[in-house]
Each structure stands twice: as structure tokens, then as C-alpha cells.
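Enquirer: Use these hints to put chain B onto chain A, whose structure you have.
Each chain is listed here by its residues.
There are 2 protein chains.
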Amino acid sequence: MLSVNVALGNRSYPIYVGAGLLDRADLVSPHLRSGRVVVVTNDVVAPLYLDRLERALRGAGATATAIVLPDGEAHKDWLTLNRIFDGLLTGLADRGTTLMALGGGVIGDMTGFAAATYQRGVPYIQVPTTVLAQVDSSVGGKTAINHPLGKNMIGAFHQPRLVLADTATLNTLPERELRAGLAEIIKYGLIRDADFLVWLEANVAALLARDQVALTYAIERSCRNKAAIVEADETEQGERALLNLGHTFGHAIETGLGYGKWLHGEAVAAGMMMAADLSRRLGWLADDDADRVRRLLQRAGLPVVGPNLGAGRYVEFMRHDKKVANGQLRLILLKGLGQAVLSAAASDAEIRATIDQCCSHG
Amino acid sequence: MLSVNVALGNRSYPIYVGAGLLDRADLVSPHLRSGRVVVVTNDVVAPLYLDRLERALRGAGATATAIVLPDGEAHKDWLTLNRIFDGLLTGLADRGTTLMALGGGVIGDMTGFAAATYQRGVPYIQVPTTVLAQVDSSVGGKTAINHPLGKNMIGAFHQPRLVLADTATLNTLPERELRAGLAEIIKYGLIRDADFLVWLEANVAALLARDQVALTYAIERSCRNKAAIVEADETEQGERALLNLGHTFGHAIETGLGYGKWLHGEAVAAGMMMAADLSRRLGWLADDDADRVRRLLQRAGLPVVGPNLGAGRYVEFMRHDKKVANGQLRLILLKGLGQAVLSAAASDAEIRATIDQCCSHG
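For the protein sequence lines, the chains are A and B, in the order given.
Take the first sequence: its letters are residues 1 to 362, numbered as in the UniProt record's numbering.
Take the second sequence: its letters are residues 1 to 362, numbered as in the UniProt record's numbering.
Keep in mind the hints are simulated off the structure, nothing from the lab.
Hints may be right or wrong, so weigh each one.
Treat identical chains as interchangeable: a pair holds within one or across any two.
Said to hold, decoys possible - For lysine to aspartate or glutamate, the following DMTMM-like pairs were computed, each having C-alpha atoms within a straight-line distance of at most 25 Å:
id	residue 1	residue 2
1	LYS151	ASP94
2	LYS151	ASP77
3	LYS261	GLU73
4	LYS76	ASP86
5	LYS76	ASP51
6	LYS151	ASP86
7	LYS335	ASP348
8	LYS335	ASP291
9	LYS261	ASP43
10	LYS76	ASP43
11	LYS151	GLU316
None of the values given here were measured: they were computed from a predicted structure.
Extracted from the complex, chain A is given alone in its bound form (with noise of 0.2 Å):
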């Protein structure tokens, strides 16, 4: 088992990386406030890992209950959150009563959202079971649900009191989704760790293979990275935004094509790709080194070409990001490999010239 600790003054949690963590309720003991957890999760991994949940946190003298949610991002609204307060309510869970979210990101992000709000703050528990969930979306305290015309508009920041990362539990999370995990993890080596992409040249097979002391290094090694940015930077006012390396390009992608049709890992993959590309154009990136992102990502399983939506058509979904600041298109780009600043130095001339080569045309 590795750990990280993240340091955020009095809201600073540990990070436990590893197989078989969720039978380690020992671990989670010390930071309950009183005796009550409510664990909430999704119809898809109750089955798989709920019973195991609950059966440790009894053995450590915890009283659980379980809110069970449909799965899917299209439940991350208003009127399922609602299901985990009218729980928490007719429960009559009290101040003291933690919340502990068991699954991937929706379930995090929503039951994040849930313990920032419910009686104005109570405390909660990441139990993350993918990859995603494990080195993004469970460190940074970023919580949120959608609304009908934005994804993740309505949140708060909320630090949780601990996140277990059981490992093991990847083995039973599609293909596809690993996959898609790891476009998250190689940004981390991009953005700010040479060394670490390095690593994971050398052991992408070994992720592929689920290898359970490959996942456990490689995600505590990504959790070590946003901690670090996390905090320098809590509220994402400046250096937290490197971790949006590809997301401009994904967010065309995502909404160009409808949601959920690629995967967020895929669309920022292919993202990234951009990114190195338009850093290679400016001549800030080697063409080498850019080959060194392609192989990657491709060794992967994941997509370096993005959907053939138009250049125009990228260019006005990217003006809709989140990101953009008083007009201004600003991206995240790439001033070597493990070097990413965030920069309004690429001309929209060259911004189409990226489209056009990193885009199919088919």
C-alpha cells in the first residue's frame, strides 16, 4: 500500500493507494466524526462491492446504511442528489453522520455535492473504483452535479476526510474505461513529470495488464502530482488550470459529437495530441518528443485523431469551455514534456492548422 498525504491546512486528508483496501475499514476508523456512515453508490457496483463495504465498516463498529443510485451521467442532476438527501433526511443522519461515496466519478462528484450542502457541510469519504475516479476526480475536493444547460455548474469545493483506492477493484471495470483511465494518468507525466512519463513508456503493458503493483505505483504517482498542484492552488484561480492539458480540445469533442458517445479519457487524449501538436507548431515541442506523446497514448488503446467535426466548429465549442476568461481563448500547451503552461500565444490560424492535421477526414 502506498499513501499521499494532500496538505491543505485543516482540511489536509490522506490518500491510501492499493489491492484489498476495502476491507480495510481500520484505515477509515480514525476519521469518522461519530459512529454513522451512509455509503452511496450505483446499481452497477453495490452488487459487486457493497456487501464487502459494509461488512468491514460493522467489523470496525461503524453503523452503515446504503443509498443506492441508477448508474450513468445522465443521473448526475438535481433530482438524483435528491435521493441521497431525502436518505440522508427520513435517516435522520445528524451533523455527525459521514457520507462515504462508493464508485466512479458521478458517484464522488454527486456525493461530494451532497456533503458540502446537506446541513451546510457535513464530512465525507472517497472510496473510488476507476481508474478516473482514483487519480482525478477523488483528489481537489471538486464537487458538482449538472445542469440542463451546463455539466458541472452547480458545485462546491469540498475536501473529503480520506480516499481509498483499492486497486483490486479495477479488475472488474470494462476495457474501455481502463483505457480511458490512463489518458488521465499520462497527463500527469506531461504536464509536469518527465520522469514519470518516462515510467509509464516503460510499463504501459503492465497497466494494460491490470498489474495490481503497476496500478497502485502508477496512481499513487498521479495522486502525488494534483496534490501537489491541488495545493498550490485550492480554489483553481491559476496553476490548478494545467490540469485542464487536452480538455479544451475534449470539451469540442465531447459536445461536438454528444455527450458520452467518447469517453472523457478518450476525448482528452486525442485533446492532448492537439495540444502537442500546436506546442510543436509554435516551436516549443520537438517533433520528436510529439512522437513520443503519439506512441504513447497509441500504446494505450487510445484515440490521437479527434472525430472530423470542422475546424470552425471546434473553435466555437472551445469558446464555450468553462476555461475561457473575459473572451479569450487561452489553452493549456506544452513548453517541453512534463512542462505545461497555460498561454493565449497560439493564433487562431494556427489553432485550425492543428485541427486539420490531428482531426480525421473522413
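Expert: Same frame as chain A, but now just chain B:
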């Protein structure tokens, strides 16, 4: 004009109190992140004050648009909150936009919660137009909406950038709401400011006559008292509970009669009288002091006797109050005038004796 600085580190903010501040957009300008302001108000306050506020903002170079909600506590729900989100998302408000709450406690709580959660937090400014909102809900950063199963159950702590309390707006406040607001002002004297209590005994008539100098002083001193408590305990772990003097009894009155029958301040007034009577039974408060509480409340036109719900139902409703910890009934009582304490010292028999004494038997 008087002012109070609420000292909360990097969440500190000023409260300005005085007649005619609605026109003083020069006080607002320094606190805007960009020139974009969205004013949230209701259909009762809008015809009275919206034009003036918007004119002042435009005069100071800001772009002001308005969202007008239906008036009343019945609309303090998710559906109405969503009208704020709809307005923000269709008007393309970005993270630099400042929300401004123009109205009473319901508008302040809802706008504050919208600001706390829109894109995970945007700045907001309070322009409270009731006594209750000026001395209570605009200070301390508590925001919330109601849930069908409980009042203020969904919310967040989110501090405003500025509070602009225009005492002249109180000239249009219904008489009964003015009196109810005085209950909260008297509360500050009772819990921690015996000198203020003496001032109130000498000036209650001037307050009822809406004397602007007296109102400005009483509101500023109330805010100063509340600010001191909030500074010591921003997220209600301890001392802040003292602000609930009279509220547990009052909660029973409001629940027992059905919300809206008595105004919140009226229920709190009768509740404070019960807390004073119970403190007298415990030997903490002299008979004369309990009489002073009764006379001051009566002169403010406030009830000092609760409705006849029966002692059993009072106790039952009190046990459902949010402030109950681990099932134990703790009450805010008085060790003397100006000295409130959180205590579990009162026995069930003593509580019932107080209820019998302080309720109508008609």
C-alpha cells in the same frame, strides 16, 4: 453612516449601515471583480428599489441585469433557485460576475446559496431590506434553501464581499415585520451585550418610530455583536450556537402552528422569554431581570407567551431541532442579562414547568 468589519481572514468583508445607501454604488465598485452584476430580488421589493439600485450601479460603470423571483418563504426551494441558475447560464454570466441580493432573508439565503454553488462559487453582495436580514441573515455567510423534509437543510457557508444595509428601505417594511426584526436586535443584548440592552430599553420607541439614527445605531451594534461571534466560530462548532437563544422554543412554536403563522421573530421573542424563565428557575437569573426581558419585549410589541400546544408537543418538537447533538437536548440559557450559555442543565420537569408558565391556556 456606520460600518462594521467582519474579520475572517481572506474572507473578511465590510458592512455599511445608514439611510440612503442604495444610491451609493461608489461603496460597491471596489468590491466587484468585473463590471458585471446580476441583481436577484423579488416581485415585492423590485417595484420599490430595483430601478434605483440599477441606476446607481450603471452610474458607477457596472452592467446590471436583474432576476425577479416570486416573494415568500414558500419559494425558498430548488425550483426557484434553478431560476437563478437558468438566468445566469442563459445570460452567460462567468466566474467574474457578482450576484447581488436585494431583499429580505429568503432572497439573501437563496442568492447566497446560488453564489456558493454556481460554477463552484462566485462573489456576492447583500443589500438587505428587512431588519431581520440586516442584523441576522446578511451577517455570517449562512446560505440555504428548504427541503420538503426540513427548513434550511441544503446550504453552504459562503461569505459576501460586502453588505449594504440601507435603513431607509425599512420605511416600506410592514409594521409587524419591523417588530419581529426587533426581537433579533434584543437577542444580541441578551446574549452578550448588557449595555446595549440598557440602550434598547431607552430607545425602543424611537426604533418603532423608524428613527433613522436609532435604527442605524441598533443595526450596526447588532452586526458588530454577531460579527464578533462569527469571527470566533465561523462554521458553528461552538460559540455561534449562542445566536440561537430562544430558537429551540421558537422552532417548536413555528412547527407546532405550521410555518408562517407566527413570524420567525415573534416565535423567537416568546422563545427568549421561555429561556429567561427557565434560567430564573435554575437560579441563574433574578426575578427582576426576567421581568426586564418581558417588559422590553412587550414594549417592542412582541409576544411573551407561546401558543397552547401542550408541554408534551413542545418537548417533542424541540427534540427535532437541528441543534440537538447525540439526542441530548441542549438549550441556550442566561447566566445573567448579557451572558448566554449553551447548557444541558435544565431537567425535563423544569422545561415543562416553564412551558406551562409561558404559554397561553386558552
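Enquirer: The structure should be examined with respect to each hint, and the outcome stated for every one.
Expert: Okay, the hints, checked on the actual structure:
Proximity of LYS151 to ASP94 under the C-alpha cut-off of 25 Å is restricted to the inter-copy arrangement: shortest distance 14 Å between copies versus 30 Å within a copy. When the C-alpha separation of LYS151 and ASP77 is checked against a cutoff of 25 Å, the pair qualifies both within a copy, at 10 Å, and between copies, at 21 Å. Taking the shortest alpha-carbon separations for LYS261 and GLU73, only the intra-copy value of 12 Å comes in at or below 25 Å, while the best inter-copy value is 42 Å. With identical chains, the CA atoms of LYS76 and ASP86 are at most 25 Å apart both within one copy (16 Å) and between copies (17 Å).
Taking the shortest Cα distances, LYS76 and ASP51 sit within 25 Å of each other inside one copy (24 Å), while across copies they are farther apart (38 Å). In the homo-oligomer, the alpha carbons of LYS151 and ASP86 lie at most 25 Å apart both inside one protomer (23 Å) and across protomers (13 Å), since each shortest distance falls under that limit. Taking the closest pair of Cα atoms, LYS335 and ASP348 come within 25 Å of each other only inside a single copy of the chain (19 Å); across copies the shortest separation is 71 Å, beyond that limit. Taking identical chains as interchangeable, the C-alpha atoms of LYS335 and ASP291 lie at most 25 Å apart only when both belong to the same chain, with a minimum of 15 Å there against 76 Å between chains.
Taking identical chains as interchangeable, the C-alpha atoms of LYS261 and ASP43 lie at most 25 Å apart only when both belong to the same chain, with a minimum of 22 Å there against 43 Å between chains. For the identical chains of this complex, LYS76 and ASP43 are intra-copy neighbours only, at 14 Å inside a copy versus 32 Å across copies, given an alpha-carbon limit of 25 Å. In this assembly of identical chains, the alpha carbons of LYS151 and GLU316 lie at most 25 Å apart only when taken from the same copy (17 Å versus 43 Å across copies).
Of the numbered hints listed earlier, not one is contradicted by the structure.
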